[in-house]
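K.L.:
Position chain B relative to chain A; hints supplied.
Protein sequences, first through last, are from chains A and B. Counting in full-length UniProt numbering, the first sequence runs from 1 upward without gaps. Counting in full-length UniProt numbering, the second sequence runs from 1 upward without gaps.
Bear in mind the hints are in silico, worked out from the structure with no lab data behind them. Note that this is a predicted model, so its numbers are computed, not measured. It is possible that some hints are incorrect.
[What the hints assert, rightly or not] With a straight-line cut-off of 35 angstroms between C-alpha atoms, the simulated DSBU-like cross-links for lysine-lysine are: (1) B:Lys13 to A:Lys59; (2) B:Lys234 to A:Lys219; (3) A:Lys107 to A:Lys123; (4) A:Lys3 to A:Lys59; (5) B:Lys234 to A:Lys189; (6) B:Lys55 to A:Lys219; (7) B:Lys55 to A:Lys3; (8) A:Lys123 to A:Lys3; (9) B:Lys13 to B:Lys234; (10) B:Lys37 to B:Lys154; (11) B:Lys13 to A:Lys166; (12) B:Lys234 to B:Lys55; (13) A:Lys59 to A:Lys112; (14) A:Lys123 to A:Lys189; (15) B:Lys13 to B:Lys37; (16) A:Lys123 to A:Lys166.
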Amino acid sequence: MIKRLTLGAPAIARTAQPGQFVHVRVGESYHPLLRRPLSIAEVDREVGNITVIYRVVGKGTALLASLPPGEFVDCMGPLGNGFDMNTERPLLVGGGMGLAPLLFLAKALCPKPVTALMGGRTKEELWWRNVFLGTCRSIHVTTDDGSMGRRGFTIDLLPELLENCKYDRIYACGPLRMMEGVARLARDKGIPCQISFEDHMACGVGACLSCTCAGTDGKRRKVCSDGPVFWAEEVLEL
Amino acid sequence: MTLAVEIAGIKMKTPVMTASGTFGSGPEYADFVDLNKIGAIVVKGTTLTPRDGNKGRRIAETPAGMLNCIGLENPGVDEFVSRILPGLAAYDVPIIVNIAGATTDEFAELARRLSVPGVAGLELNISCPNVKEGGIAFGTDCMSAAAVVTAVRKNTVLPVITKLSPNVTDIVSIARAAEDAGSDAVSLINTLLGMSIDIHRWRPELGNVVGGLSGPAIKPVALRMVWQVARAVKCPVIGLGGIMTAEDAIEFLLAGASAVAVGTANFVNPRASVEIAEGIQDYLVERGLKSVRDIVGRVNDSI
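Bound conformation, chain A alone:
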């Protein structure tokens, strides 16, 4: 079950950048205890709202989904570092819930000509297409079962897109294997590529080290505070 939650959070809405996240406490009790890191999917700076889109996977997200409208939620943010926006012809590649931060990115880049490539297992998972409509110059779709768009994975269709168009940035968010594949193709074409990681986190601010990953330079990176957005070659062995 996918849920969309809009929070009145003027201070966060004012400064949030695409790729950043909020750390949300889902209840007052000690079970579940920890906050949930959720990508910021939409921002309305004038009204002071932020929107997160999340999948209900466990007790925490189920509790969040059960809150009635108007409820107060304890929310820290914006946290982490966002995408580099220095682009004229961006290509966004996303899979699953990885499309949430890319939605914010697509809207922030508009009216630049944004191309989106999105993948899912089935047509039902590609409801994202309707959400992205209006913010992208073109949208390409793949499904594992061929029920919508091209049959296969995003990285099966990506070479074709790279052949025909000149993108100057690729942004990817989704399963690790997908991001690795996208980053390899981007490297081969000489296009700078940013990826966004997600991981289990406790603190969200770089203190607990539960979400660190190895950098290609031998130094460790914290997904929460050094990322979640990284240049692909910084954290992926390609």
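P.N.:
Okay, now just chain B, sitting in the frame of chain A:
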């Protein structure tokens, strides 16, 4: 009325410290809480050489708690002294460095290298359940615990706090051994060894299979151990384990802790250590008490 306490010669504005491993080096939380209002910051476990920590998933949530198996990821003592410590000088808060050696010689060397301006004290991590070398082995045996304290004592004039493991049959004997060997204070408890399993994948949730349990779930165990140890040693006791609120902290003080440390609560509420200190102050004022000392060890446990 004062919240100030002095633990093993370390002067603190409040009796509420942050627990090692839960507060980074401090500046990570500077955007959220005034670090100058914290009693003392106990820095993440530091080793002689840099460590990458454990592979795989490092945290899992459990009812009223969490498991972790970070595996002492840290940049190593030299990087800490040269790069991190100078930045901490900007804050008016005692910095206590938690150190973890694989051998007693490593503990001694760490103590030598950290005996520099800016470090207010050392906390000996003889109880980390998540590393293979050293780690918990030192904290589960009186002789080993004493050997580590002795080695450190010979190599520093800084106050030495020994952090005890709850994963033992008799924590009192380990506390006594540490005190007899020259430890200026003891802190307890470190995490309890635990495990959780993903029933859909039939796999342990943690990459390390087992990890350290922290959070409110362990508070009754920690409180019992603090009470037991505080009655058995003369040196100050720092109590920690699942403290989320001022009421929790006051329980530890009544049980005999001269100061407390807040750990997992920081992840839930970055301002926890300051808010807990304010709550203790309110409690003392309400009762017309002048000092934190007025409640330390004052639980009436006579039958």
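K.L.:
Given the hint that Lys13 of chain B pairs with Lys59 of chain A, test it: the Cα-Cα distance must not exceed 35 angstroms.
P.N.:
Outside the cut-off at roughly 39 angstroms; violated.
K.L.:
Between Lys3 of chain A and Lys59 of chain A, is the straight-line Cα distance small enough, at 35 angstroms or below?
P.N.:
holds (14 angstroms)
K.L.:
Holds or violated: are the alpha carbons of Lys234 of chain B and Lys55 of chain B at most 35 angstroms from each other?
P.N.:
At roughly 41 angstroms apart (the allowed maximum being 35 angstroms), Lys55 of chain B and Lys234 of chain B break the hint.
K.L.:
Does Lys154 of chain B sit within 35 angstroms of Lys37 of chain B, going by the straight-line distance between their CA atoms?
P.N.:
holds (32 angstroms)
K.L.:
For a C-alpha distance cap of 35 angstroms, please report whether Lys59 of chain A and Lys112 of chain A respect it.
P.N.:
violated (40 angstroms)
K.L.:
Hey, Lys123 of chain A versus Lys3 of chain A, does the alpha-carbon distance stay inside 35 angstroms?
P.N.:
This hinted pair holds, its Cα atoms lying about 18 angstroms apart.
K.L.:
Run the distance test for Lys55 of chain B versus Lys3 of chain A: straight-line Cα separation, threshold 35 angstroms.
P.N.:
Roughly 32 angstroms separates the two Cα atoms, so the pair holds.
K.L.:
For a C-alpha distance cap of 35 angstroms, please report whether Lys234 of chain B and Lys189 of chain A respect it.
P.N.:
Between Lys234 of chain B and Lys189 of chain A the Cα gap is close to 69 angstroms, so the pair fails against 35 angstroms, i.e. violated.
K.L.:
Has the given pair, Lys123 of chain A with Lys189 of chain A, been kept, meaning a C-alpha gap of at most 35 angstroms?
P.N.:
Between Lys123 of chain A and Lys189 of chain A the Cα gap is close to 30 angstroms, so the pair holds against 35 angstroms.
K.L.:
CA of Lys13 of chain B to CA of Lys37 of chain B, is that 35 angstroms or under?
P.N.:
holds (7 angstroms)
K.L.:
Can you confirm whether the C-alpha distance between Lys55 of chain B and Lys219 of chain A stays at or below 35 angstroms?
P.N.:
holds (15 angstroms)
K.L.:
Does the structure keep Lys13 of chain B and Lys166 of chain A at a Cα separation of 35 angstroms or less?
P.N.:
Given pair Lys13 of chain B, Lys166 of chain A is violated - Cα atoms ~61 angstroms apart, limit 35 angstroms.
Comparing the model with each earlier hint shows violations of hints 1, 2, 5, 11, 12, 13; every other hint is respected.
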